[in-house]
Amino acid sequence: MAKITFDGIEVEVPDGTTILNAARQIGGGVVPPAMCYYTPLKGTGGKCRACLVRVAAGSAKDPRPMPKLVASCITTVQDGMVVENTTSQQVMDVRKGIVEMLLINHPLDCPVCDQAGECDLQDFAFEHGVSTTRYEEERRTFEKIDIGPLIQLHMTRCILCYRCVYTADQLTPERVHGVLGRGDASEIGTYIENIIDNEFSGNVIDVCPVGALTDKTFRFKQRVWFTKPVNAHRDCENEKCCGKVTLWYKGKDVLRVTARKDQYGEVKEWICNTCRFDKKETSDWVLEGPAHINRASVISANHYELPVINPQVLADLPESTTRELERNPPLRLGGING
Amino acid sequence: MGRKLLTEHINVEGIETFDVYRKHGGYRSVEKALKTMTPDEVVEEVKKSGLRGRGGAGFPTGMKWSFLAKPEGVPRYLVCNADESEPGTFKDRQLMSKLPHLLIEGMITGSYALGARTSYIYIRGELLYVLRILEKAIAEAYAAGFLGENILGSGYSLDLHVHPGAGAYICGEETALLESLEGKRGNPRNKPPFPAVQGLYARPTVVNNVETIAAVVPIVNEGGDEYAKLGVGKSTGTKLISACGHLNKPGIYEIELGVPVEEFIYSDEYCGGIWKGRDLKAVVAGGSSVPILPKELILKTAAGENRLMTYESLSDGGFITGTMLGSGGFIAMDETTCIVKNTWNFSRFYHHESCGQCSPCREGTGWLEKVLHRLEHGHGSMHDIDLIVSVAKQIEGNTICPLGEAAAWPVAAAVRHFRHEFEWHVTNPKEATAPGAAYRGAPVLA
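Sequences listed follow chains P and B, in order. One point on numbering: in our numbering, the residue at position 313 of the first sequence is 313, and numbering is uninterrupted. One point on numbering: in our numbering, the residue at position 95 of the second sequence is 95, and numbering is uninterrupted.
Any given hint could be a false lead.
Said to hold, decoys possible - No farther apart than 30 Å at their CA atoms in a straight line, the calculated lysine-lysine pairs in the BS3-like style are these: (1) B:Lys47 with P:Lys42; (2) P:Lys68 with B:Lys234; (3) B:Lys47 with P:Lys61.
Everything labelled a hint here was simulated from the structure, so no lab data went into it.
Turn these sequences into a full structure, and let the hints guide you.
Right, here's the structure in full:
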């Protein structure tokens with residue numbers, strides 16, 4: 001076990017845990033954002049740089065600070081490590097810069113994007129970005145591509161997190177898409193237009209943090225915040241499929257089916273394409289009740305709860321930190337809810 | 001002229017063939033190491049020599065070698081980084097095409113020291129003709145019994161392969177190189193784990209520059225202590241400098257570290273001064289990614305001391321008034337050079353070569369290039385000058401690999417030392433965009 005201090009909060013985690021996961025044990029507003037890291041997918045992380053934190057002391061043995069900010073999603077904890085996230089101005093400034101970088105070539109077409117309301121980039125920009133841009137140049141654009149009858153790829157929105165590539169690598173027998181090109185000309189593609197066709201391909205839609213990969217059976221049907229998420233399950237004949245899903249209702253119609261995501265937007269158990277695309281009748285499912293969405297975005301409008309810090313941790317907080325948390329609630333929802 | 005350890009015989013007719021190379025004392029270090037030394041003794045000599053990585057970072061080679069993890073029963077690798085593609089650097093190409101056996105000899109001795117049974121030379125894809133030369137030389141070395149099973153009856157076996165890249169600058173970054181060598185897309189890896197623990201095929205690996213590996217030959221031949229007598233302080237031995245730009249005698253010079261920069265530029269022994277009788281404006285001392293320095297600061301440090309061609313002296317003053325020795329790509333620019341255009345040109349290169357994996361570099365390099373393009377073509381504003389500094393700062397230090405820094409440093413340094421030229425482009429767009437235009441007014445020192 002290793003004991004680390006994260007933003008003034010002490011937490012004990014098993015050796016080999018990453019800083020990000022240690023912060024998630026604390027929960028609440030101190031958790032660094034993650035745009036490319038995805039717990040269930042091996043090898044993800046380190047790319048978007050959204051989760052950079054400052055390591056003020058490397059370990060109890062070697063308490064020197066690390067020279068550069070480190071990606072918390074791939075850096076493992078050391079006993080006695082002191083990490084600064086929201087308490088470091090440098091980290092906050094850099095994070096603002098990362099938002100800016102991610103947005104300069106992003107079309108900002110949220111008003112017509114299906115992902116709006118449950119978009120990691122939208123949340124990230126809302127929390128850490130600025131409302132103006134310094135970028136005057138033309139943005140990078142791509143043609144939309146249909147990769148099969150069920151999924152559409154709109155590269156213009158992509159932030160190159162590589163999650164869909166890892167998903168295809170780890171869930172499906174043969175990956176037919178990957179990253180082509182280099183630098184800001186790189187794109188997700190199948191090289192020669194190809195169909196991504198296998199029983200688990202639909203999961204790339206769930207892992208996509210932005211609206212680059214969308215469900216063609218749901219596109220433009222409804223804004224996500226007007227739909228009602230309901231947890232349901234069925235006995236799926238595909239043994240690799242967990243059969244546990246969230247159904248998104250509008251009135252009596254099931255508009256789409258997704259895997260269940262946790263508060264960090266991560267799918268814990270994958271579902272097959274049959275469950276996702278073909279079972280859109282209530283009679284196909286055993287309903288469990290309303291799904292609780294505890295993410296920051298407008299998808300949870302009207303039943304949104306401020307992230308709760310583990311009470312046990314809260315009790316141990318130094319007074320200065322509690323005061324700071326009271327003055328600056330970890331998530332500002334001013335414009336929408338508060 | 002100082003001693004030449006690497007290039008002494010470079011102009012001998014037929015030196016690229018095994019027989020001629022051997023006649024001029026070639027492969028002595030292999031004989032010496034394999035017959036009279038243990039691997040650890042070779043590492044010890046390299047440590048004593050104070051040799052520092054010649055690829056750019058200047059990390060002590062002996063220390064790098066001693067970091068190599070040596071778990072039982074797991075193969076280790078020595079990989080030679082011959083993906084020389086930093087603008088302004090062209091020393092390795094020359095060394096490999098003229099003295100292929102020197103590199104092979106270094107690879108054998110180095111591999112022996114590290115206990116590697118298979119070693120690789122990862123060569124830049126564009127250098128196809130050098131690849132042919134190396135392959136021919138390797139075949140000769142196999143035929144002569146210096147490669148393959150049981151070299152010189154010592155019981156040590158080594159296989160050496162040359163692998164060409166596909167022409168990406170990023171594959172000169174050691175972990176991207178390893179990815180590429182494994183047959184994957186050349187994206188740098190997240191570190192840790194470092195290659196010394198998990199490198200090629202997740203095995204312990206040392207990646208060294210061509211010149212570093214070549215330098216192992218004289219170190220083993222003459223002993224580390226002898227090698228360390230050359231040079232100044234912690235910058236020991238000799239270094240190949242590829243001098244280019246507005247010089248009377250551009251070319252590759254093997255210098256003893258410690259030669260004053262002024263002597264290197266102006267003496268007839270080296271570059272012979274600035275061409276056409278013009279005045280020097282600025283120097284990029286170590287390949288395009290290191291900070292550019294104006295004449296006043298490259299010849300003398302901020303404290304007024306003579307600047308020497310050493311790791312320490314060139315970096316004196318940090319990035320405020322100093323630069324880096326880097327890979328030894330010495331680019332001299334005369335008074336007719338437009339610094340804005342030059343910075344834009346460098347920036348264009350890094351934009352093109354960014355792998356696109358992490359967001360600050362992928363988006364930032366393109367942004368820098370576009371704003372610099374605007375400034376160079378007279379459409380910029382004063383605000384743009386601060387913008388590029390700010391964008392460079394947003395990239396620097398926040399990326400997976402050093403390419404981000406390589407893209408950010410030259411821009412930041414150009415504005416730091418030549419802000420007046422950028423401002424001149426904004427205030428006199430007509431004059432500044434005329435063909436061949438360059439700011440000729442008095443330099444304004446920061």
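- Query: Checked against the structure, which of the hints given earlier come out wrong?
  - Reply: Of the numbered hints given earlier, the structure breaks just one, which is hint 1.
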